[in-house]
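Protein chains in written order, with this note's numbering: chain A, 1 to 427; chain B, 428 to 854.
Treat the hints as calculated values from the structure; they're not laboratory data. Just to be clear, a hint being listed does not mean it is correct.
[Claimed, not checked] Listed below are several chain B residues computed to face chain A (Cβ distance under 7 Å; list not exhaustive):
(1) Pro454
(2) Leu459
(3) Leu477
(4) Val556
(5) Ala559
(6) Gly585
(7) Leu588
(8) Thr614
(9) Phe760
(10) Asp771
None of these values were measured; they are calculated from a predicted model. Glycine is no exception: its CB is placed at the ideal position from the N, C-alpha and C atoms.
Number of protein chains: 2
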Amino acid sequence: MPAEHAAGTVDRLAEERIDHRFKALPPDAEGLTVGELAAERRNLFTGGFLTPVLALSAEALEHNLALMETYSERHGLAFAPHGKTSMSPQLFARQLERGAWGITAAMPHQVRVYRAFGIERIFLANELVDAAALRWLAGELEADPGFRFICYVDSVRGVELMDAALRGSSRPVDVVIELGAGEKGRTGARTEADCAAVADAVAAVPTLRLVGVAGYEATMPGADREGVAEWFRRLTALAVDLDKAGRFAGAEEIVVSAGGSEWFDVASDAFAEIPELSRPVLKLLRSGAYVSHDDGHYRKQTPFNRIPEEGALQPAFLLWAQVVSRPTAEQAFVNAGKRDAAHDLGLPEARVVRDARDGSIRPADGIEVTALSDQHAWLRTSEDARLEVGDWVGLGLSHPCTSFDKWQLIPLVEADGTVTDYIRTFF
Amino acid sequence: MPAEHAAGTVDRLAEERIDHRFKALPPDAEGLTVGELAAERRNLFTGGFLTPVLALSAEALEHNLALMETYSERHGLAFAPHGKTSMSPQLFARQLERGAWGITAAMPHQVRVYRAFGIERIFLANELVDAAALRWLAGELEADPGFRFICYVDSVRGVELMDAALRGSSRPVDVVIELGAGEKGRTGARTEADCAAVADAVAAVPTLRLVGVAGYEATMPGADREGVAEWFRRLTALAVDLDKAGRFAGAEEIVVSAGGSEWFDVASDAFAEIPELSRPVLKLLRSGAYVSHDDGHYRKQTPFNRIPEEGALQPAFLLWAQVVSRPTAEQAFVNAGKRDAAHDLGLPEARVVRDARDGSIRPADGIEVTALSDQHAWLRTSEDARLEVGDWVGLGLSHPCTSFDKWQLIPLVEADGTVTDYIRTFF
Chain A
1 MPAEHAAGTV
11 DRLAEERIDH
21 RFKALPPDAE
31 GLTVGELAAE
41 RRNLFTGGFL
51 TPVLALSAEA
61 LEHNLALMET
71 YSERHGLAFA
81 PHGKTSMSPQ
91 LFARQLERGA
101 WGITAAMPHQ
111 VRVYRAFGIE
121 RIFLANELVD
131 AAALRWLAGE
141 LEADPGFRFI
151 CYVDSVRGVE
161 LMDAALRGSS
171 RPVDVVIELG
181 AGEKGRTGAR
191 TEADCAAVAD
201 AVAAVPTLRL
211 VGVAGYEATM
221 PGADREGVAE
231 WFRRLTALAV
241 DLDKAGRFAG
251 AEEIVVSAGG
261 SEWFDVASDA
271 FAEIPELSRP
281 VLKLLRSGAY
291 VSHDDGHYRK
301 QTPFNRIPEE
311 GALQPAFLLW
321 AQVVSRPTAE
331 QAFVNAGKRD
341 AAHDLGLPEA
351 RVVRDARDGS
361 IRPADGIEVT
371 ALSDQHAWLR
381 TSEDARLEVG
391 DWVGLGLSHP
401 CTSFDKWQLI
411 PLVEADGTVT
421 DYIRTFF
Chain B
428 MPAEHAAGTV
438 DRLAEERIDH
448 RFKALPPDAE
458 GLTVGELAAE
468 RRNLFTGGFL
478 TPVLALSAEA
488 LEHNLALMET
498 YSERHGLAFA
508 PHGKTSMSPQ
518 LFARQLERGA
528 WGITAAMPHQ
538 VRVYRAFGIE
548 RIFLANELVD
558 AAALRWLAGE
568 LEADPGFRFI
578 CYVDSVRGVE
588 LMDAALRGSS
598 RPVDVVIELG
608 AGEKGRTGAR
618 TEADCAAVAD
628 AVAAVPTLRL
638 VGVAGYEATM
648 PGADREGVAE
658 WFRRLTALAV
668 DLDKAGRFAG
678 AEEIVVSAGG
688 SEWFDVASDA
698 FAEIPELSRP
708 VLKLLRSGAY
718 VSHDDGHYRK
728 QTPFNRIPEE
738 GALQPAFLLW
748 AQVVSRPTAE
758 QAFVNAGKRD
768 AAHDLGLPEA
778 RVVRDARDGS
788 IRPADGIEVT
798 ALSDQHAWLR
808 TSEDARLEVG
818 DWVGLGLSHP
828 CTSFDKWQLI
838 PLVEADGTVT
848 DYIRTFF
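Kindly generate the complete structure, drawing on both the sequences and the hints.
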């Protein structure tokens, strides 16, 4: 699918009609297309939006996109941002415009979404042994010679299942061997001997082609910088050894991929040390959470904390919820809960209050989120906290992946509150 | 909106096209309508579905719908099942066919979805102080004289905000005073004096009409049977006192509502004790989780554990995920994670394994879910556990509300694996 087609399918999202499917969108926008509503440039606070409403900062998004482009370029890395974070073709298009090599996926369903929007290079950072998904994939590869697809394999049994499903397909599927991040880590072969056995199995079937090695460092229990660096040394050594053994003879380039949003500085250092191999090396970083960043887990974990001279990401999300109850001086309840806010890596954080009486915005001093129900957040307020029924509270969130996935159409908001676009997600 | 119209809008869901929006649906069903795919009566295991796939048992669903209809009838209760659980108009239609008075909502967005599918009686179990939502609501009430709507109010400030937004509307909005479930509970006025002040405020504005009292007992921290029963005595006494004070003079009936999925037996007992009031009393139960029930929180908390002679709910969900990695004898990883499974009130529970080699199904002996990543579940396997890459694991889930909301089109599956319909949700 040529690039102009990809752009065309993303543009068509503007033709979708606003209706009851999209929470928070103004009821009086029902029947407008997304493009028509965007053209109205409504204000987030006064334009008829219902609470809770998740706002994505246009400026912070642009900053983050630019920063990771610069970072990747500076370190000589290819970048396939993890698309599972946002599942938004509009953001994929902007990531690709910003020089991304392709988009990473976790699941075949995500690959389907990407293909529906014309993504030409997809790295599936997972095993794929589902026969129905493999048959669909083979059809995509056959129909589009420009479609580049790579996925993990970490077991001989997986190779057998892939081969059985792919028999008779016209193009082999490119695979990379996944090296597990430690004995107690997540998926991935645990030892170099296991990896060699998988490589043998791949070499023995006509339906697969070995093109590299990969893994995911952040699932190593109790990982620290040295532990992660040590794993990266194993990963790059594995690439060297497999290359020496002629395992990449069928490949045009050798893929070495890792690097989520917590350790891409360590990945950069390790990838810089890869010696010359028999073929060009595609050093592929896969961070996804950077696109919105956050006010919690990734604020603490981002590599930019260790390398401040290279920049800083900005939290792009603010979840606006309305105070619906203020039953005591110590308690308040807003109308956003587990249905609206990430809650798996820490609770939301009250950042600002928009006063219902005069529209002024002030810091959320003395206001703390203590729990979430399905549709409410529980706030504890100190004596000096000013907060009334009707006020809006702007909540910072922790964990982009479980923030995006609660919203199907997200207002893109400029600093003055003007909504300039709507970001569609497909979860 | 007449009932036949409501049925018509639900029927039109069968005309929706299958595409990349709906994870797990067979890739080769792309372009079919939901109705066409349902008519194919595919098998869940062999019909081309991708994993993970959430299956809703047709038999368990039917059993649960029938059981709560019987329960409500036996105890003389009206029933407005909480629709936030499923957000599925098809299930709402079946609940209404089963005698439900109406459907409960938590948020104005949910009310919009209900109205789009012709629901005529809606109980919003929450405060509503959002001016944009109130203006939309006033329009709905004006356009449809048959639309019955009731919501909470728990503060004088809330009354003021409602009145300001509703000025000039043609029909008053019916409100019930929310009594908080204990000093440390969630929303709701804390004292009878607070409730009286709210009643005074409602009486003073032309845009609202007081029709009853309500609350939600399950958010009382550390609630036990006696604590909940005591709160119910306060709630029903509040209704009696407000009635004696002539506060319901404008109402045709007096609404007394509470009763989630944890304490509806206590609600039944308390509602049976309500003396004769000046008007007929609508004793309105609002349980939502019963529709799918679960294999975790509600299995432990259901009132039917205390009243086994009245029946038992059946868990209707099974989340099928595929083993993608088996890196050690103690570890396995399936391709379902936080994106697919409820994880806020306990982890999923491995219940059955479908063998990839012969399609046989056996109990998931020796297999335990120990953690979820975004797109993976971590399984610990004992020495005797039989589990291979490619096998499907059927996971029981805890918490219906956060199970439904991860799926937009859910196969309805008969015991033999035949998919007979697809349940659309709107979150």
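Now the hints, each set against the structure:
For B:Pro454, the interface hint holds, since its Cβ comes within 7 Å of a Cβ in chain A; the closest pair sits about 4 Å apart. With its C-beta approaching chain A no nearer than about 15 Å, B:Leu459 sits outside the 7 Å limit, and its interface hint is violated. The interface hint given for B:Leu477 is met, as the beta carbon of that residue sits about 5 Å from the closest beta carbon of chain A, less than 7 Å. Because the beta carbon of B:Val556 sits about 5 Å from the nearest beta carbon in chain A, less than 7 Å, this interface hint is met.
Contact between B:Ala559 and chain A, as hinted, is supported at the beta carbon level, the nearest pair being about 4 Å apart and thus within 7 Å. Checking B:Gly585 against chain A: minimum C-beta separation of about 5 Å stays under 7 Å; hint holds. Hint on B:Leu588 holds. Least Cβ distance to chain A is approximately 5 Å, under the 7 Å limit. At a threshold of 7 Å, the smallest CB-CB gap from B:Thr614 to chain A is about 4 Å, leaving the interface hint in force.
Annotation: B:Phe760 was flagged as interfacial toward chain A, and the flag holds, the nearest CB pair being 5 Å apart, inside 7 Å. Annotation: interface hint on B:Asp771 holds; nearest CB of chain A at approximately 6 Å, less than 7 Å.
The structure fails to meet hint 2 from the earlier list, while all remaining hints are met.
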